[in-house]
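So the chains spell out like this:
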Amino acid sequence: MDGLFIVMVGALVAAAVYLLLARDLPRVLIGFVLLGTGVNLAILAAGRVGAMVPPLVPPGSSALPDVVANPLPQALILTAIVIGFGLTAFALMLVVKVYARFRTVAADDLTEAEGAATPAAATLASQTPLTRQEAA
Amino acid sequence: MHSLIAAPILVPLVAAAVTAMLWRQPGLQRVIGLAAAALLLVVAVALLVETASGRILVAQMGNWAAPFGITLAIDLFSAIMLVITGLMALAVAIYACGPGAAERDRAGFQPLFHSLILGVCGSFCTGDLFNLYVWFEVMLIASFGLLVLDRTDEQLDGGVRYVVLNLIGTTVFLLAVGLLYGLTGTLSLADLARVAPTVENQAALGAVGMLLLVAFGAKAAVFPLFNWLPAAYHTASMPVAAIFAALLTKVGVYAIIRVFTLIFAHDMAVFGPILAVVAAATMITGVFGAAMHYDIRKILSFHIISQIGYMLIGVALMTPLALAGSVLYIVHHIIVKANLFLIAGAMRAEAGSFALKRIGGLWVAAPALGLLFLVPALSLAGIPPLSGFWGKLVVIRAGLEAEAYLLAGIALAVGLLTLYSMIKIWNEAFWKAAPAPAPAAPWTRREQVATYAPIVVLAGLTLTIGVWTEPFAALSLTAAHGLLDRTAYIEAVLGAASLQLAAPLLSDGGTL
Numbered sequence: 066m067d068g069l070f071i072v073m074v075g076a077l078v079a080a081a082v083y084l085l086l087a088r089d090l091p092r093v094l095i096g097f098v099l100l101g102t103g104v105n106l107a108i109l110a111a112g113r114v115g116a117m118v119p120p121l122v123p124p125g126s127s128a129l130p131d132v133v134a135n136p137l138p139q140a141l142i143l144t145a146i147v148i149g150f151g152l153t154a155f156a157l158m159l160v161v162k163v164y165a166r167f168r169t170v171a172a173d174d175l176t177e178a179e180g181a182a183t184p185a186a187a188t189l190a191s192q193t194p195l196t197r198q199e200a201a
Numbered sequence: 031m032h033s034l035i036a037a038p039i040l041v042p043l044v045a046a047a048v049t050a051m052l053w054r055q056p057g058l059q060r061v062i063g064l065a066a067a068a069l070l071l072v073v074a075v076a077l078l079v080e081t082a083s084g085r086i087l088v089a090q091m092g093n094w095a096a097p098f099g100i101t102l103a104i105d106l107f108s109a110i111m112l113v114i115t116g117l118m119a120l121a122v123a124i125y126a127c128g129p130g131a132a133e134r135d136r137a138g139f140q141p142l143f144h145s146l147i148l149g150v151c152g153s154f155c156t157g158d159l160f161n162l163y164v165w166f167e168v169m170l171i172a173s174f175g176l177l178v179l180d181r182t183d184e185q186l187d188g189g190v191r192y193v194v195l196n197l198i199g200t201t202v203f204l205l206a207v208g209l210l211y212g213l214t215g216t217l218s219l220a221d222l223a224r225v226a227p228t229v230e231n232q233a234a235l236g237a238v239g240m241l242l243l244v245a246f247g248a249k250a251a252v253f254p255l256f257n258w259l260p261a262a263y264h265t266a267s268m269p270v271a272a273i274f275a276a277l278l279t280k281v282g283v284y285a286i287i288r289v290f291t292l293i294f295a296h297d298m299a300v301f302g303p304i305l306a307v308v309a310a311a312t313m314i315t316g317v318f319g320a321a322m323h324y325d326i327r328k329i330l331s332f333h334i335i336s337q338i339g340y341m342l343i344g345v346a347l348m349t350p351l352a353l354a355g356s357v358l359y360i361v362h363h364i365i366v367k368a369n370l371f372l373i374a375g376a377m378r379a380e381a382g383s384f385a386l387k388r389i390g391g392l393w394v395a396a397p398a399l400g401l402l403f404l405v406p407a408l409s410l411a412g413i414p415p416l417s418g419f420w421g422k423l424v425v426i427r428a429g430l431e432a433e434a435y436l437l438a439g440i441a442l443a444v445g446l447l448t449l450y451s452m453i454k455i456w457n458e459a460f461w462k463a464a465p466a467p468a469p470a471a472p473w474t475r476r477e478q479v480a481t482y483a484p485i486v487v488l489a490g491l492t493l494t495i496g497v498w499t500e501p502f503a504a505l506s507l508t509a510a511h512g513l514l515d516r517t518a519y520i521e522a523v524l525g526a527a528s529l530q531l532a533a534p535l536l537s538d539g540g541t542l
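Those protein sequences? They're chains B and P, same order as listed. Okay, so the first sequence: first residue is 66 according to the working numbering, each after it adds one. Okay, so the second sequence: first residue is 31 according to the working numbering, each after it adds one.
This is chain B alone, in the form it adopts within the complex (with noise of 0.2 Å):
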């Protein structure tokens, strides 16, 4: 079991170490969402896997048998899930955005924020913000 939890985490943040490196923010995105994945694997292997029986007292005791499954991983990863999907629901908006604004999603055309190195373009940028109305 955990022999295949070993392969299944590894081959999990391979894939999103590959996408991260991407271009494009798509899959930059999807990368953090696979990356995500692989490390909620992890936390549930680190809890150790193996004992199938529910942590629920029985009737009638006043404690937990001696061998029963470790729920803590369970509720660190739903935690773990939750905040991640709301993380994701907010990139992925923000490269909607970006999209939206600026046609393109490739990492290397976003040079906005660069600009302001140089004095007139930082005047330029600086002189809008307020006013600007959303492209979209």
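It is possible that some hints are incorrect.
Chain B side only, calculated, beta carbon under 10 Å to chain P, not exhaustive [said to hold, decoys possible]:
id, residue
1, GLY96
2, LEU100
3, ALA107
4, ALA110
5, GLY112
6, ARG113
7, LEU121
8, PRO138
9, ILE142
10, ILE148
11, LYS162
12, PHE167
Just so you know, the hints here were simulated from the structure itself, not pulled from any lab data. Glycine included, every Cβ here is placed at the ideal spot set by N, Cα and C.
Fit chain P to the known structure of chain B by using the hints.
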């Protein structure tokens, strides 16, 4: 359980919720936001008074006994950070009533701002590693929203860089938390401190430490993980940039100090030199990055990075004096750096641009602003008798005492180069003649007061710390001793009997 211990979390939480519900009434939002920030400061000062003697306040949430439940633990270091957070929240909340307030509040500044403060305060209060991760995420998602508040082109671009790099950093943190749980069977910081030295597989524990260092380092913008900061901070609107500069990176530094003094203190033979190299490289790259830029916001952004290096020296050396230096430096730096960003905003309002080539003659147009700029700028460079001098003095003296001469030398040289950048801003913005007649500032009296009041107060604080250093230094030293006294922290959280029961919770002895 102390009645105030959850207050630093509850106050911004309620403020964020209420301001979000009052979406269509920006005026009311602003009043509530100001009141909440003031209340947070009061609560934090009360907590500081409680902990000033070195006492640790502990509360178990939902009455689940540690290490099984989530613990809130506030020691003196946490309390100091909370006070400075409250102070910054109040200063920026006032400043945010200045120019552009209406647009910002319509875009949802207030709820996001208080969510950010919530995440920061939560990180400072918690005594649980996974809980720390959750607070980091609260802070992160709020900072995403704040960064792209105005939806300008450069903010969208800067936002993409900031978001992508922070998403990866945060996932690395999560992985480290999972692996640490697998090794030790616990996530309570106190319990981790107790069992970490007894873990069989110390190599794996070291690897986890490295992962945590990468995750927190990315948050704190240390070398070589600092790229997101200068790519994004200068695009944010000024109140946002000020609160980011004051608090976000410092939460990373706080996490590094907390985790490495508690969990990896037995392993500092490995991490000490790594942290020292990182600290030195961070100081140098930051200051050189600042030297090559001619946009005020970019110069200030790179100086954040450079100053983070000073704060890490304390953890790298791990002596009481060095840690006290770090604490004092963090306090000084937060006040000074936030103030410089606030002043940059005022300079923009007076002269019309952030680009040094485009502005000038501010000394004639706004002499008061010039004096107000000099206080934090010279303090940042470490000129006596301002606060930065004492911060640097303690850090460098600790370096010399620990015979880390190279580190101390670099810290000195970087101070000099900092002075170069500050003088550059002074010469270009204040001293030289204006390239074009400066446009008359079209702002109202109220906006002017809102802009200048926090700047004056923070400059006054810088002077106070500089002239009347003794109590601040003494407090930092007590905090440093508290940080190094792991047993006291463990006992406060787990109870006195805790040091005996060292059986790992997981059946197979913590091998991974």
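> Do the numbers back the hint for ALA110(B), that is, is its least Cβ distance to chain P under 10 Å?
Replying inline: Interface hint status for ALA110(B): holds (7 Å vs cutoff 10 Å).
>> The hint names ILE142(B) as touching chain P; please verify it with the least Cβ-Cβ distance against 10 Å.
In response: holds (9 Å)
> Any CB of chain P closer than 10 Å to the CB of PHE167(B)?
Replying inline: holds (8 Å)
>> Does ILE148(B) hold up as a contact with chain P if the rule is Cβ-Cβ below 10 Å?
In response: holds (5 Å)
> Is the shortest C-beta separation between GLY96(B) and chain P less than 10 Å?
Replying inline: holds (9 Å)
> Can LEU121(B) be said to touch chain P, with a Cβ gap under 10 Å?
Replying inline: Since chain P brings no Cβ nearer than about 17 Å to LEU121(B), farther than 10 Å, the hint is violated.
>> Hint GLY112(B) vs chain P: min CB-CB distance below 10 Å?
In response: With a closest approach of 7 Å, the GLY112(B) hint holds.
>> Under 10 Å is the threshold here; is the Cβ of LYS162(B) close enough to any Cβ of chain P for the hint to stand?
In response: holds (6 Å)
> Holds or violated: is the Cβ of LEU100(B) closer than 10 Å to a Cβ in chain P?
Replying inline: It holds, given that the least Cβ distance between LEU100(B) and chain P is near 5 Å, below 10 Å.
> Is the hint on ALA107(B) kept, meaning its closest Cβ partner in chain P is under 10 Å away?
Replying inline: holds (5 Å)
> Quick one, is the PRO138(B) hint okay against chain P at 10 Å, beta carbons?
Replying inline: Check passed: Cβ of PRO138(B) comes within 7 Å of chain P, closer than 10 Å.
>> Quick check on ARG113(B) please, does its C-beta sit within 10 Å of some C-beta on chain P?
In response: holds (6 Å)
In this structure, the one hint that does not hold is number 7.
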